[in-house]
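So the protein sequences, as listed, match chains Y and X. Be aware that the first sequence starts at 0, since it is given in numbering that gives the first Met the number 0, and climbs by one per residue. Be aware that the second sequence starts at 0, since it is given in numbering that gives the first Met the number 0, and climbs by one per residue.
Simulated from the structure, these hints should not be mistaken for laboratory data. In this text, a Cβ means the ideal position worked out from N, Cα and C, and glycines have one as well. There may be inaccurate statements among the hints.
[What the hints assert, rightly or not] Short derived list, chain Y residues pointing at chain X, Cβ under 10 Å:
hint, residue
1, 130
2, 186
3, 188
4, 219
5, 364
6, 367
Residue strings, one per chain:
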Amino acid sequence: MSTTSHKTWPKLTSQDEFRFLMELVLNRSTGDHTLVSLHDQQSGTTRFANNQIVQNVDMRRGSVSVTVAFGQRHGTASTTDFSAGKVQETVARATHIAERSPDDPEYLPPVKPQHYVTTPTSRPETALAGPARRLEYTSEAIGQCRMENLGAAGIVSSSMATVGVAASTGLFAHEARTDARFSLTVQTGDATGWSAAAHRSIDHLKVQERTLTAIDKAKRGLEVRELPPGRYTVILEPAAVAGLWYSLLWALDAKSYEKNTSALSGKLGRQIVDTRLTFRNVPAHEDLLGIGFTPDGLPTVASDWITDGVLTQLSYDRFTAKARGIDNIPTLDAPCLSASGLPPPTLQDMIKHTERAILVTNFWYIRTVNPTNLTLTGMTRDGTFLVENGAIVSAVKNFRFHESPLRVFNRIEASTNPTEAITSETGKLLVPAMTLSDFNFSSVTRF
Amino acid sequence: MHAHRNPDQDELAELALKRVVASGAEYGDIRLLDSTTQTIRGEDRRIASIRDAQDSGFGIRVLYHGAWGFAASSVLSLEEAPRVADLAIDIAKGSASLARERVKLADEPVHRDRIVTARRIDPFAVTLDKKTALLLETMESIHRQPGIVRSSASLWARRDRKLFVSTEGSRLEFDLLALSGDFDATAIHDGRFASRSFNTPHLRMGYELIDDANFLAVAPRIASEAVEKVKAPTTDPGQYDLVLDPEHLSLTMHESCGHPSELDRALGYEANYAGTSFLTTDTRGTFRYGSSHVNLVADNCEPETLAATGYDDDGVTCQQWDIVRDGIFVGYCTNREVAPKIGETRSRGSNRADSWSAVPIVRIANIGLEPGSATLDELLADVTRGIYIEGHGSYSIDQRRYNFQFGGDAFWLIENGRRTHMVRDVVYHGITPEFWGSCDGVADRSHRRRYGFITCGKGQPAQSGWMTHAASHARFRNVNVIGGQAGS
Chain Y
0 MSTTSHKTWP KLTSQDEFRF LMELVLNRST GDHTLVSLHD QQSGTTRFAN
50 NQIVQNVDMR RGSVSVTVAF GQRHGTASTT DFSAGKVQET VARATHIAER
100 SPDDPEYLPP VKPQHYVTTP TSRPETALAG PARRLEYTSE AIGQCRMENL
150 GAAGIVSSSM ATVGVAASTG LFAHEARTDA RFSLTVQTGD ATGWSAAAHR
200 SIDHLKVQER TLTAIDKAKR GLEVRELPPG RYTVILEPAA VAGLWYSLLW
250 ALDAKSYEKN TSALSGKLGR QIVDTRLTFR NVPAHEDLLG IGFTPDGLPT
300 VASDWITDGV LTQLSYDRFT AKARGIDNIP TLDAPCLSAS GLPPPTLQDM
350 IKHTERAILV TNFWYIRTVN PTNLTLTGMT RDGTFLVENG AIVSAVKNFR
400 FHESPLRVFN RIEASTNPTE AITSETGKLL VPAMTLSDFN FSSVTRF
Chain X
0 MHAHRNPDQD ELAELALKRV VASGAEYGDI RLLDSTTQTI RGEDRRIASI
50 RDAQDSGFGI RVLYHGAWGF AASSVLSLEE APRVADLAID IAKGSASLAR
100 ERVKLADEPV HRDRIVTARR IDPFAVTLDK KTALLLETME SIHRQPGIVR
150 SSASLWARRD RKLFVSTEGS RLEFDLLALS GDFDATAIHD GRFASRSFNT
200 PHLRMGYELI DDANFLAVAP RIASEAVEKV KAPTTDPGQY DLVLDPEHLS
250 LTMHESCGHP SELDRALGYE ANYAGTSFLT TDTRGTFRYG SSHVNLVADN
300 CEPETLAATG YDDDGVTCQQ WDIVRDGIFV GYCTNREVAP KIGETRSRGS
350 NRADSWSAVP IVRIANIGLE PGSATLDELL ADVTRGIYIE GHGSYSIDQR
400 RYNFQFGGDA FWLIENGRRT HMVRDVVYHG ITPEFWGSCD GVADRSHRRR
450 YGFITCGKGQ PAQSGWMTHA ASHARFRNVN VIGGQAGS
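Throw the hints in and build the complete structure from the sequences for me.
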C-alpha cells in the first residue's frame, strides 16, 4: 500500500453534483418549501489493542435528506441511494409525511441565500490519507510501546466528507470537511496512561509526542496509593477541563432557559464563572474543527458567549431566535475557553508551584446528577497522580467526583494558555489546564 | 451520482466473496442491510419532526493470515462490490503486517435460514394520523396537570432486512422489526424542575406494543407524579435498603453485569474507550459476584427481545447461558474470535454490528435476573427504612465497572414495610460485587418485566448496541445513598 493511495477512493459528491441532486429534488417537489441536505463521507479507523490491530475498517456512506413543507406541515425522508429514481422516491416519501402532519407552530421555512466566509474545513493530506497512513501511525505507537514492554490500545482515524444544504429559497452551501484522530491508552499492569488528538490535518496529530506522553503516565502509575475521598486542590489537564466545561454547554439552550428548565435560567448578563474566564466561538481557528455552515444553512460565526465570567449568549434554535428578534444566530462549532489576567504558566510550572494537589489527566462517564444546579458526577481515568512539593510523587487510585462547573470554575488558582483538548465524551475545544481549589472527590474505586 | 443498476443481493454477495476466496483469505463474509427507521417526535404539545430514514449498504469482512480487514459502502452496485472487497483484503493484509497472534475463529456449523419478527400489526402500516394524534393527545393530557411546564412524546420503529453470506457457506436472511414509544412530563416548583417519564420497552414486535401500552391511560399519572416529585422532600444521605423495579434494574444489570461480562473487554480490546473489566479471565467459575439470590442469565432466544435475532453477525446461532449462577461469575458474552482465547470451542453468538458500515463486536446479551419467590409486598414488608426506585436516571460507572452510581426516575420512601411518599434527589453509590452481594430477595416471575437499550455505546468508531434485560423487583440491603445534592 502506498501512503496516499487516493486512487482507490471513490469520489465524494462534488458541488456540481450536489447542485444536480438539488435540482432533481426541487423539480420533483410540490411543497411550498423544500430543503435538501447532503452528507457524503469516506472514513476509516485502525483500532489496536494488546499491541496488535483488532479492527481495521474503511467506509463510504452517502446520504441525502429531503424536507418538504406545506404551510406549517413538514416531513423529512432520507436515503443512501443516490440514483435518480430513489431520490425522487425520497421526495415522494417526505411529501407523503408532510401532507399528513399536523401544523407545527414552530416550523420556519428554510433560510434565504446566505453569505459564507470561507472556512478552511478540509486539508488535502487528510483527504488523501488512507489505510496505509493509518497503519503507519499505528505501527509507530505500537512500536514505541513494545520497546518499553508496555501494552498499546488505541485508534488512528481519518475521514473526509462533502456536506451540503440547499433549499427552494435559493439557499445553497457545499463544503468539504476533513477530520483525523489519534488516541492511545498505554497499559502496564493496573496502570494506564492516555493521550489523544483531533485535527483537520492528519499531519498535526503528533503521534510520537502523544505516545510518549501516554507512556510516561502509564509508567508513573506503577506505584499507586489510595487516598481518602474528600476535598482536594486539583490540577486538571486540558482534557479534564474540557469534560467539565462541555457539560456546561448543554445548559445554554435558549428554549430551556426561557422555560426555566436550565441551570442557567435567569443568569444571562450575570457572572457565572470566574471573571478571568472568557468563552468564544472561533470557526476559523486552524486547530479547531469549525465548519462553514450549520445544518439549517446558516453561516457559522465568531461570537462571544462568556465575557469576563459573565454569560452573554445563549444557544438558539431558529424559532426561539425569531421570537426574540435575533437575526444572527450564534454557533458553537469551534469553542475556545481562555483565562486572562493571570500570568500563564505551563502545566509543568503549575505542578512545580503546587504544595499538594491531585493531577487529573482525564474524566470519564461524566453525567448530570442535579440539572438544577448542574452537579455532575464522573470518574478520573488513565493517569491520576498526587503532587506534593512541586513534583508528582505517585499515582493514586481513581476518584469519583461530585461537582458543578458553576462552582469549580469560580475557584481557579492558576491557568495555562488554551490548549487543544479532545475526549471520548466531548468535541474538540481549546481550553487551559487549570488548578482549582476545594474539588469534591466523593469516593474511590479499586484501581 | 451513482447511476448503477441495482443488482440482486446474492449476485453482489457472490461477486464479492469470490474475490475474497481468490485472495487466499481464510475467511470472509458480507452483510447487506436495508434499514427503514421512522421517528416521530413531539415536544410541548406539537409534533416537532417526523423522519423516515432509509439506510442501505453492505460491509465485507476479511480474515487474512489471522488479521482482520473490513470495508463497506452505501453504493450497491456490481462495480462497487469488487472495489470494496479488494479494499477489505488490502486492509486485512496491512493488519497482518503487525499481527503477533493470529485470529482463529471458533467453529460454527453452516446455517441457511430465514428469520422474521412475528408481528400482529405492522408499525409501518399504521397511519401517521393515528400516531401523531396519539402523541398530541398524550402531551395535552400531561399539560392538563397544573405545574407542568414541558412535555415530550415519541414513537420509534425500525425494520431491518439483512442478508448474511459467508465463505464457509452460511446464508442467512433476516426481516426484523423493533419498536418503542415514550413520553415525559416536566414540572417546576420553587425554582426547581423535575421530570417523570414513561417508556415502553424496545422490543421486536408490531404496533401492538404501543396499543397495549395505553399512553392515554398512563399520562395523567405520569404528569401527577412529575409534580409530586418536584415538590417532594429531599433525601437525607445515609444507608438505606433499596427495592428496585424491573425498569431500574435493567440499567443496573446492563452497566454492572452486562459490560464486565463482555469477553473482549476482559481481554483489553476496549481499553482505549469503553474500558476493561474487573471480571478478568481468572475469575470465571470462582469469583463471588453477588449473593446466592443472584442468578443472571443470558438469553438470546427469548422471543421479542432485541438480541434474539436467530443468529448473530458471525452467523452463530443465538443461545442461552449463565453469566452468574448462585452468585458466582461463570460465563462471558463472546464471539467466534475471542471464545477460543478462554478455551471455549464455540462462540456464545453475541457478536453484533449496528449497521452495514460497522464491523461486528462482542455485545452484551439479553442478560436478565432470574426470578425469585417473593412478592413485591413481601420485599417491602421487611424494610424498616428504605427507598423504592422506579425507572432510569443519572448513571455513571468506572471503566472496569467497579465504582458505580445510579439515580432513578421516581423514588418513594419505605417506612416500616410500607411505601409512603415520594422523595427527590436520590442517588445511590456502590462497588459492584458488594452491591450485588447485598441482594437478599428477588420477586417471583409474575413481577418480571423486560426493558432494553438501543443506545449502548461501545467500539471505535462508536456503535450502538441493542439488548433486552428482564427482571423482577429485587431488594438490596444497606446501600449508600448520597443524595442528588452531593457536592453542593
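Here is how each hint holds up against the structure:
1. Checking residue 130/Y against chain X by beta carbon gives a least distance of about 5 Å; that is within 10 Å, so the hint holds.
2. The restraint placing residue 186/Y at the interface with chain X holds, with a minimum CB-CB distance near 6 Å, inside the 10 Å limit.
3. Using the Cβ-Cβ criterion of 10 Å, the hint placing residue 188/Y at the interface with chain X is not satisfied: the shortest such distance is roughly 12 Å.
4. For residue 219/Y, the shortest C-beta to C-beta distance to chain X is roughly 18 Å, which exceeds 10 Å, and the interface hint is violated.
5. This hint holds: residue 364/Y has a C-beta 4 Å from the nearest C-beta of chain X, less than the 10 Å allowed.
6. Residue-level restraint check for residue 367/Y holds (minimum Cβ-Cβ distance to chain X is 6 Å; threshold 10 Å).
Of the numbered hints given earlier, the model fails hints 3, 4; all others are met.
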